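There are 2 protein chains.
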Amino acid sequence: MIQKPRGTRDFRSDEMEKRRYLEKLMREEAALFGFREIATPIFENTELFTLKSGPNVIDEIYAFTDKGGREIALRPELTAPAMRFFVNELSSEPRPLKMFYFGQCFRYERPQSGRYREFFQFGAEMIGSAGPQSDAEVISLAASIMKHIGLKDYRIRIGHIGVLREMLSSSGASAENIPLILQKLDKKEYEEASQRMEAAGLSKDSISTIIDVTETVGSIDVLEKIKGDAREHLSKVFQILNYYGFDNVEIDLGVVRGLDYYTGLVFEMDAPVLGAEKQICGGGSYSLTELFGGEKTFSTGFGIGFDRTLLALEREGFETPKYEISAYVIPVSDTMKDECYKIAADLRLSNIPTELDLIGRSLSKNFKYASSINAKKAVIVGEKEFAEGCVSIRDMLSGEQKVVKIAEILQEF
Amino acid sequence: MIQKPRGTRDFRSDEMEKRRYLEKLMREEAALFGFREIATPIFENTELFTLKSGPNVIDEIYAFTDKGGREIALRPELTAPAMRFFVNELSSEPRPLKMFYFGQCFRYERPQSGRYREFFQFGAEMIGSAGPQSDAEVISLAASIMKHIGLKDYRIRIGHIGVLREMLSSSGASAENIPLILQKLDKKEYEEASQRMEAAGLSKDSISTIIDVTETVGSIDVLEKIKGDAREHLSKVFQILNYYGFDNVEIDLGVVRGLDYYTGLVFEMDAPVLGAEKQICGGGSYSLTELFGGEKTFSTGFGIGFDRTLLALEREGFETPKYEISAYVIPVSDTMKDECYKIAADLRLSNIPTELDLIGRSLSKNFKYASSINAKKAVIVGEKEFAEGCVSIRDMLSGEQKVVKIAEILQEF
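Residue numbers (this note's numbering), protein chains in the order written: chain A, 7 to 419; chain B, 7 to 419.
Take these hints with a grain of salt, some might be off.
No copy is singled out in the list; a pair is fine if it fits within one copy or between any two copies.
[Said to hold, decoys possible] Lysine-lysine pairs mimicking BS3-like chemistry, simulated, CA-CA at most 30 angstroms apart:
no. : residue 1 : residue 2
1   : 242       : 374
2   : 390       : 242
3   : 233       : 328
4   : 374       : 390
5   : 302       : 10
6   : 348       : 158
7   : 390       : 328
8   : 190       : 348
9   : 348       : 233
10  : 242       : 73
11  : 190       : 408
12  : 233       : 73
13  : 390       : 231
14  : 193       : 10
15  : 153       : 328
16  : 193       : 284
Derived from the structure by calculation, the hints contain no laboratory data.
Fair warning: this is a prediction, and the values are worked out from it, not measured in the lab.
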């Protein structure tokens, strides 16, 4: 038996309907904020991703050589493709350009619980504007999506990459050392981070202050620990998020997101119901366009882990509308089959979702099947009644059954 | 500047909204017929496609070796993955199992007008039932989709693979030769087909009769040329399609679809507006499950070329709902920005799609921008009015403007 590739999934109808419902809710909220959908190819020139994330990224992605000798890769994320598209074709559009996207991404890694080689991301980018109001616009969209999809418990943590960068720099760390230290701080690996800071020549005092700030999480008041632009910036964002009624926002100066292209504010969102693997969204302000051959353009964006967000919803007892169909048409005998095809056609032509018995089940099996597909009403076509111009219609929930003239079937729906 | 890979496309918002709209219409119609969505991975084990289409298919697809040494391929079509999924996990579901899917497919070929390396397919399969009523169910879905999306001129051509197979066999062609001859007949390359029939030992008379039947296209009456099961089968399908009011159906005994796994009825749909490359849908009854390690299961399905169908609609002057946004909030001066953020938040919290000026445009540029994004109303927040608890609301279509109390803004939408 041929299997699906390792780390990938097939989705049954029940699952797909749930996913499409969630996707629809996310789209609705993006539209409410004036973000519009774009799409890019499933694969890109590999260079796009090595430029963004360094050559080592190749170890973690599906990269291959095509028949024409081109290095291509299945996209591991959607920000780089969106920014490439912007540089190639959208850079003269009015700004800020507000876009969202939804689609598959791929990573080559050992499959584990909740992590797949093919996974789904919903993301948004606001391109060509900077400042707290832009960051707030993007974070409020991310948070409003979580609210709209009905996630009960989620937390927003906001940091600013400038805080630690500035502290590291003024304490004597070199431009080369800073990213190496930030990587460790981002992962909250404080011992390794301290070692790297020591090696970079920082004093014990500086190291302890920096670790203290990294560990600082709390309400807006913790901003007192820092000074300068970052403080004002974060206060403003806090204020705008407040207009949307979000009180689940914390300042977390340890959010660093480990990637060089972030330029200022960074944020993450968690769903505590997921336990250790609780992060469901990450984003911040960045500039990537200059890497791809465009002019430097400040942007803010986020990516939501679609699969993990769905998992969080399900753990909270998320209910999607159950599949149902309005009519199920049943021939009592083979001679009535043709009449059933006609009735089904009429119902469908009147926009009434309709199923029919195509394989000659017995009446009792047909009722069982009608229940299993959650049919609201069964239309039962028997010879005797049909000769009198009638059929029976059974309400599948109450079990009530009545005789209806064929010409009046539509009125029952 | 990094470009997108050759033969792929980026989609702008206008284009995406059109595509999502079309996709939504197709989904709606599938639901009306009781078909439910499934999804499979973007890539599969290469063997899935070589089993279905022979080893030569590798030349036409994106096939590569992953880091674990597995041969994988970007899916060139969606029937094989759907049937693999069925064999792996769905074979004990009640039958017939009616599924549809929508997604990207990939082929490695020279890109040309209207043919892309990444393209989109909408398809449906009805698994586990045979006979004219099943075939008719599937064809009526395909045709109803075309009707529902608003395609004005489309034609359905129905054939039966059994007719030519039976004629070739009874005229003396061997089981090995039949597929080679059918390939040529399918492409309407009659000279080569004749040569192959001659080489296979067929008489001149037989060859001329077979070519005559292949060229037979017309109304139900042309079935008089043939006999046996195929004739009865096609008549019945014709009759059921008639219940749906489809009078754009022709019998075309030359529809062969060149692939071995088709077992009976085959059909194609054309949009004449596309000229030479007019085919927008193809399908038929087949059995693939036994190739993938399952039990032989008769099925009927089709694939719609999404890109080509959209192109046909556009050539006919298809109009999609134009993008619009309900509100655009404008600060007359910088001091009013915060009030604008608040008003925008209130509108969005009331589910009113809202954009706002985040970058400090002048008033006249803001009006221009509001028109360009098709904003229905502009909410203009000026210091003087605001001090009196008011804002101005401008109807962007009529140009009428009125002063409204802040507490009553929502009532304007």
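- Going through the earlier hints one by one, which of them does the structure break, listed in rising order? Those not satisfied are hints 3, 7, 8, 10, 11, 12, 13 and 14.
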